[in-house]
Every structure is written in C-alpha cells, then in structure tokens.
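Assemble the complex: chain A is given as a structure, and chain B must be docked to it using the hints.
So the sequence lines, in the order shown, correspond to chains A and B. For the first sequence, the numbering used here gives the first residue as 2, with consecutive numbering after it. For the second sequence, the numbering used here gives the first residue as 7, with consecutive numbering after it.
Calculated directly from the structure, the hints in this document are not laboratory data. Even for Gly, the Cβ is constructed at its ideal location relative to N, Cα and C. Keep in mind that a hint or two might mislead.
Short derived list, chain B residues pointing at chain A, Cβ under 10 Å [claimed, not checked]:
(1) A48
(2) L149
(3) E232
(4) S252
Over the 10 Å line for every Cβ pair with chain B, so calculated as not near, a few chain A residues [claimed, not checked]:
(5) P106
(6) G138
(7) R207
(8) D243
(9) D245
(10) R296
(11) A342
(12) D453
(13) D454
Okay, derived cross-link-like pairs now, DSS-like style, lysine-lysine, Cα gap no bigger than 25 Å in a straight line [claimed, not checked]:
(14) A/K136 to B/K83
(15) A/K291 to A/K431
(16) B/K83 to A/K109
(17) A/K203 to A/K214
(18) A/K291 to A/K214
(19) B/K153 to A/K159
(20) A/K291 to A/K211
(21) B/K153 to A/K109
(22) A/K409 to A/K445
(23) A/K291 to A/K332
(24) A/K136 to A/K110
(25) A/K203 to A/K217
(26) A/K217 to A/K205
(27) A/K113 to B/K83
(28) A/K451 to A/K291
(29) A/K332 to A/K431
(30) A/K113 to A/K159
(31) A/K136 to A/K113
(32) A/K438 to A/K451
(33) A/K332 to A/K136
(34) B/K83 to A/K337
(35) A/K438 to A/K332
(36) A/K113 to B/K153
(37) A/K110 to B/K83
(38) A/K451 to A/K403
(39) A/K291 to A/K445
(40) B/K153 to A/K110
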Amino acid sequence: MSTFDDPFDPSRPLNPGCVCGRHRSQAEHDHAAQRLLQCAPVEHAPSAERRYQGVIASAVMRAVFPKDAARRAFLKSVGSATALAALSQFFPLGRATEAFAEAGPIEKKDLKVGFIPITCATPIIMAQPMGFYAKHGLNVDVVKTAGWAVIRDKTLNKEYDAAHMLSPMPLAITLGVGSRPIPYTMPAVENINGQAITLAVKHKDRTDPKSWKGMKFAVPFDYSMHNYLLRYFVAEHGIDPDTDIQIRAVPPPEMVANLRAENIDGFLAPDPVNQRAVYDGVGFIHTLSKEIWDRHPCCAFAASQEFVTGSPNTYAALLKAIIDATAFAAKPENRKQIAEAIAPANYLNQPVTVVEQVLTGTFADGLGNVRNVPDRIDFDPFPWQSFAVWIMTQMKRWGQIKGDVDYKAVAEQVFLATDTARLMAEVGLKPPAATSKTFAVMGKTFDPAKPDDYVASFAIRRA
Amino acid sequence: MGRFLAVRAAVVSLMLLAAFLLVWHQATRGVATVAKMDPAYARLMGATATQGASAMPGPLEVGAKLFEHLRHPFYDKGPNDKGIGIQLAFSIARVMVGYLLAVVVAIPIGFLIGMSPLMSRALDPFIQVLKPVSPLAWMPLALYTIKDSGLSAIFVIFICSLWPMLVNTAFGVASVRKEWLNVARTLEVGVLRCAFTIILPAAAPTILTGMRISIGIAWLVIVAAEMLVGGTGIGYFVWNEWNNLSIANIIIAILVIGLVGMALDLVLARLTRAVTFPE
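Next comes chain A alone, as it looks inside the complex:
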C-alpha cells in the first residue's frame, strides 16, 4: 500500500500497485485510463498538508494495528471518521503532522556516514540495521573506516556526508589544529562513558598508578578524550604524562595485538578493545572511564557546517535518526538486541559476547571477577557546551593549542546544543533547559565560566 493513500479506507490495497490491481503502479493505471477516456475530469492533487497528515495517520494506524486484517476489521466496524477521532484523542495527530511538515522535502536521500568499528559508534551503526535511518526517509550507507585521520580526511573531502568522530576532533578541525581550519559542527554526542584503562596481565600487581613510571601507553588519537582522560588520570597521581610515561597514538584494532606482543604496557581505549583484550586473556580492566569522570562524552556525530546549512532538511532528518537511535540505545533492556545487531562482520566484526559484555555492563574484568556496572557505557545525545570548554582547557593544558582561546564562542559554534534540543523535542525526548553544566572530574569540580583559572589550577601542565 502506498504511504500517501487514505489510511482510513478499509478497502485500501495491501500491495503496491494501482487501485484496480491490473497495473504495476498507479502511474501506469492513470496512463491507461487516460488513453481510454480522454475527457476524464482533472483531479486536483492533494495539498502537501493533507498528504503529510495521511503519512502520519498511516504510521499511527499501522503502529496501533500492525496486523492488516485487524486494521481493516476495525475500520469497517467503526467507520473512518470515528477512527480518526478516536486516534486523535490519544495521539496528537495535528502536532505530529506539523513537526513533520516543517521539515520540508529532503534534499539528498542517499547518504554515506563513516564510522570506526568501536562500540562508541553504536547509535550510528545500529540506526542502519535497525531501520532508524529508513524511518526518517534516508537511505544511509554506514562505511567502516580504517582510522581517525582517514575519517577526518574523507569527511573533509565530502566522500562522507557525516561521520563518527572523537568529540575533540570537530573542535580541533575548527581551530585548525592538526589540519586546515574548516568550520565543523558536532550536533550530537553518541555515547558517554564506555572507555577503560586496560593493562597487560603481567602488570597484575602494579595497580597503583604511582608505580607506572616508564610504562608505554596507547591512546587512539592525539585529539581524543582518551588522551585527555589518561593524561588527567596519571597527572592526578603525580605522574607527568610527557616525561614519566610514554603515550602514543595507536589505532584501536592494533591495540590488542600490540599488548599481546608486549609493545605497550596498557592503553586507554574505546570498547570493544578493552573487553577483547580480556576475552583473549592478554589484559585486565584497571579503571573504567566512568570512574575518572562519570558521564563524560566520548565519541560524536559530526558534520561540516556546509552540510548543515546547505541541506538543512537532510541534516535534520539524519540528526533525528541518530537521536532516535541514541534514545533507543539508552534503554538497558534494548542492549542485548543491539549487541546482536552490530556485532557481525558488516559492522563491528567482533564476537557477540564481547559486544554484549560492553553494552550490558556485566563483564569479566580479566582478573577472575565478573563485574556488574550497568552504566559502563551509556548513550545521551546532548552536546553540553561545557564539555567543549573542558576539552579545550585540556588542549591548552597539554600545549596542543597556544595563545588565548575564546572558549565560549568556539563551544557554541561547534557543539550545536540548541539544534539538538529542538530535534530532541521533536522526536519526543526531553532536552535539558540549559546548554552548559558543571561537573566533577576525579572529584575536582569544573566551572565552565572560569576555564583559564581551571587550567592554571593544575600542578602538572605545559601551558
């Protein structure tokens, strides 16, 4: 049945095709009819608004009565007018139609979104097999990419319309650190928490960070939360991350192999790398990142400013799909199902049990214990602008950016909190009222209004 037919018509055909059933499509039927009857009255096309109303009502009808037979029986027995009235009572058809109609036609349906195969990308990945993109009228190919630098270059080259990035990356790109400066936006955070410090099994007895002098650590990228969190963590324990230990950027897939080869002593990495190291018996989970900063952002959904302003409706639909998927992933009861959807070779290419342990938070820690931390990884799309300010204070602290930074302006330009808030409301989520908040990292409170004082308050720093 066509999406634009009258949803309250009990005799509405179930198969796509024409009303009489003899032609493959309505267009063919019309063409045949025209040939038969040249003087047929000209029918006015239904207005756009009526059409949207029909689409929304169809969706609601199908959601309420997923079985075709039941829907028809209901419509036959009560009549379409009553059905419309009854539905409108518990579903605000008018409001939903309005929200949909506001979006306008999508400029570009076929999109390419790049991702790195880690669980941080869960909303971006799962939206494909679980139909969130399709639900918002998009045909999205999610393309696995080999590394952060490649995903950055492919997005800058416009091979990807949008991409999974580490949340510091859009800031770095906008500031022109490590690449040419291009205005970049980060309309949604994908996941919060979900990282961990993993050490090689031979360091079982060196759990005190003060004893880590001389160790070699890996992080996925220089401009990553992983780098800043690891530096913060060791610095709080009196270890200078630049002189006392070695930190190098290693792509996540190579981390476990390097740990096994004893090339590195540990890493602060995204999952499933940590759990995979445990699964293969080469490492143990020392600290979950939520124990450093609970509800910290990690990866992000990013798009160039050009895409956001050039095709606003596509962007809105894409972002809605991501927010929708993120909301679905935030519910613990859905996690098992998601793990099964994203573990196959097309997506993460990992054993299901590894992904499941990461997402459900019931996991083996590599030392013989089963731990249960339900919010080991969580999903919350809201891009708090104070997150951006914190990230920039760390870039400053470790000398990645020099000179004065207009923290607030860059944060507002890159972390599109107000857009996200509007779209969150549209898909039925409750966005927070403010766009900034204070939080504590390892017990130390961060005030986004005083970033310079914050940088100056650390004993170990480069700036």
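Here is chain B on its own, set in the frame of chain A:
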C-alpha cells in the same frame, strides 16, 4: 630427463608442504595450562583464556575457514562485508587501472629518456629520489590533494609502478646495439619508423621485464593502500580481520594475495618470453 626432474621437484615440493603443515599443526596444538575459573566468568571469556588454545590457528582451522570462503566467494552483506571474490575483484580492478596508466605514461617517457642522453642525465636525479618512496608515504598527500580515496589508491599504484618501467624502458632503449641503428641510418629510415621497427622490438624484452617488476610492486602496494583507505578490496579484508583478531582469515588472505600475485607474474613472464629473441 627434463620431465623426470619436474616430477622429482614436484614430489619434493609436496613433501616440503606436508612437513610444513605437520610442524604447524604440532606447534599450534599445544595446550597451555589454564587457571581454574568460575563457570560464570569463563562463559564471558574466549577460548584462548578458558581452554588455553593457541592464539595462532592450526592448519585444520584455516582449511575449514578457507572452505567457507570458497563456498561463497561472492556474497554481499552490505557495504562493509563482502565475499573474498568480490574483494579480490575490487583490488585487481584498482591495480589494473593504476598499472595501465603507469604503462601509458612510463613507456613513452622512457623512450624519450633512452633516446636522448641529455634528458636521461637531466631526469635521473628526480627518478632516483622518487623511486624508493614507500606507497604509504604518498597516501596522505594523495588524499589531501585528490580528495577522493578511491582515486588516491589508484594514484598510489600508478606512482609506485611507474619507476621500474620508466628505468627499464630507458635502459632498454639506450642499449640497443649501435650497429643496428647505424644500419638504419645508412638506409635513411625515418625517426618514427626507426623507433617502432628497430628500437621497440630490440628493447621489448627489457621493457617487459620492467613491466613484470612493476606489476609485482603494484600488487604489493594495493594491500597497503587498501588497508589505509578501507572500504573494499583485499587489503580492507586483511584490515577488517585484523580488527577482529582473526589470524585464520589473515592467513587465508596472505595465501590468496600470494596466488593472485603469482598469476599476474606468470602472465607477464609469458609475454616476456614471447618477445625475447635470440641474438
């Protein structure tokens, strides 16, 4: 006698293979000691940790995996999961495009360099500097300037397979025997006719040797390039399975890459033999 030698060589080859497989099987069969584990904990762990299985797969495991791949070489389960046959086809197509472009560019320029001692001297430093550059070093530059990862991969193939052909063509053309050229000159043969009827056949074996070296290099480079840009191809397959730490699949990829490389080399070896002449 020649036939007999071939049979004996084949027998020795098979025996070496059997010995290798046996050693491999024995080496990976070993079971390490395993600490006692809580069953609830063990359920969350992999076979390496629970059964002490070697992280290196044995020949039987690799054989089973290979059979899987060969049974469905052309499946397509979305943009990131395609059969090994499709991946190979992507890689071969890329190599062919890059390589043929290199042939089109290298052979005329090689001719020019070979026929003109001045150009030969003038271009030599550039060739010597660019020749040893690794394919991966070209990649970031290509991505930045070409702005398309597929074209960048082809460009890297092109630039890496260019030099051996260029150098060999120039050398082949320059070392055509002076007597033949002098004969041509006394007969007042035109420059173009001389190039096509005397120099080209005389230099053909050297040129084809250069092309044979180049195809080997192109095939070496494609794996590295595809590991970097990802998406499709046998290099992407290796990277994807590395990501999954599946050594069995990587061994299969190595085997397949080797076989295709051998096939490409055989084709050019045949061609070389076809143009070789006795003096």
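Consistency of the hints with the structure:
1. A48: 8 Å, holds
2. L149: 5 Å, holds
3. E232: 9 Å, holds
4. S252: 8 Å, holds
5. P106: 26 Å, holds
6. G138: It holds; A/G138 is separated from chain B by about 20 Å at its closest Cβ, greater than 10 Å.
7. R207: Non-interface label on A/R207 holds, nearest chain B Cβ at 19 Å vs cutoff 10 Å.
8. D243: 25 Å, holds
9. D245: Since the minimum Cβ distance to chain B is about 31 Å, A/D245 lies beyond 10 Å and the statement holds.
10. R296: Holds, because the least Cβ-Cβ distance between A/R296 and chain B comes to about 25 Å, which exceeds 10 Å.
11. A342: Holds, because the least Cβ-Cβ distance between A/A342 and chain B comes to about 12 Å, which exceeds 10 Å.
12. D453: 35 Å, holds
13. D454: 39 Å, holds
14. A/K136 to B/K83: 21 Å, holds
15. A/K291 to A/K431: 24 Å, holds
16. B/K83 to A/K109: Holds, because 24 Å separates the two Cα atoms, which is no more than 25 Å.
17. A/K203 to A/K214: 15 Å, holds
18. A/K291 to A/K214: 24 Å, holds
19. B/K153 to A/K159: 8 Å, holds
20. A/K291 to A/K211: Since the Cα atoms of A/K291 and A/K211 sit roughly 20 Å apart, the hinted pair holds (cutoff 25 Å).
21. B/K153 to A/K109: Given pair B/K153, A/K109 holds - Cα atoms ~21 Å apart, limit 25 Å.
22. A/K409 to A/K445: Measuring from Cα to Cα gives roughly 21 Å; hence the hint holds.
23. A/K291 to A/K332: Satisfied, since the Cα-Cα distance of roughly 18 Å is no more than 25 Å.
24. A/K136 to A/K110: Distance ~12 Å between A/K136 and A/K110 Cα, so the pair holds.
25. A/K203 to A/K217: 14 Å, holds
26. A/K217 to A/K205: Holds: A/K217 and A/K205 sit about 15 Å apart, inside 25 Å.
27. A/K113 to B/K83: 16 Å, holds
28. A/K451 to A/K291: 24 Å, holds
29. A/K332 to A/K431: 15 Å, holds
30. A/K113 to A/K159: OK: A/K113 and A/K159 at ~9 Å, within 25 Å.
31. A/K136 to A/K113: OK: A/K136 and A/K113 at ~16 Å, within 25 Å.
32. A/K438 to A/K451: 12 Å, holds
33. A/K332 to A/K136: Holds - the C-alpha atoms of A/K136 and A/K332 are around 19 Å apart, at most 25 Å.
34. B/K83 to A/K337: 22 Å, holds
35. A/K438 to A/K332: 23 Å, holds
36. A/K113 to B/K153: 16 Å, holds
37. A/K110 to B/K83: It holds: about 21 Å lies between the C-alpha atoms, which stays within 25 Å.
38. A/K451 to A/K403: 18 Å, holds
39. A/K291 to A/K445: Holds - the C-alpha atoms of A/K445 and A/K291 are around 14 Å apart, at most 25 Å.
40. B/K153 to A/K110: 22 Å, holds
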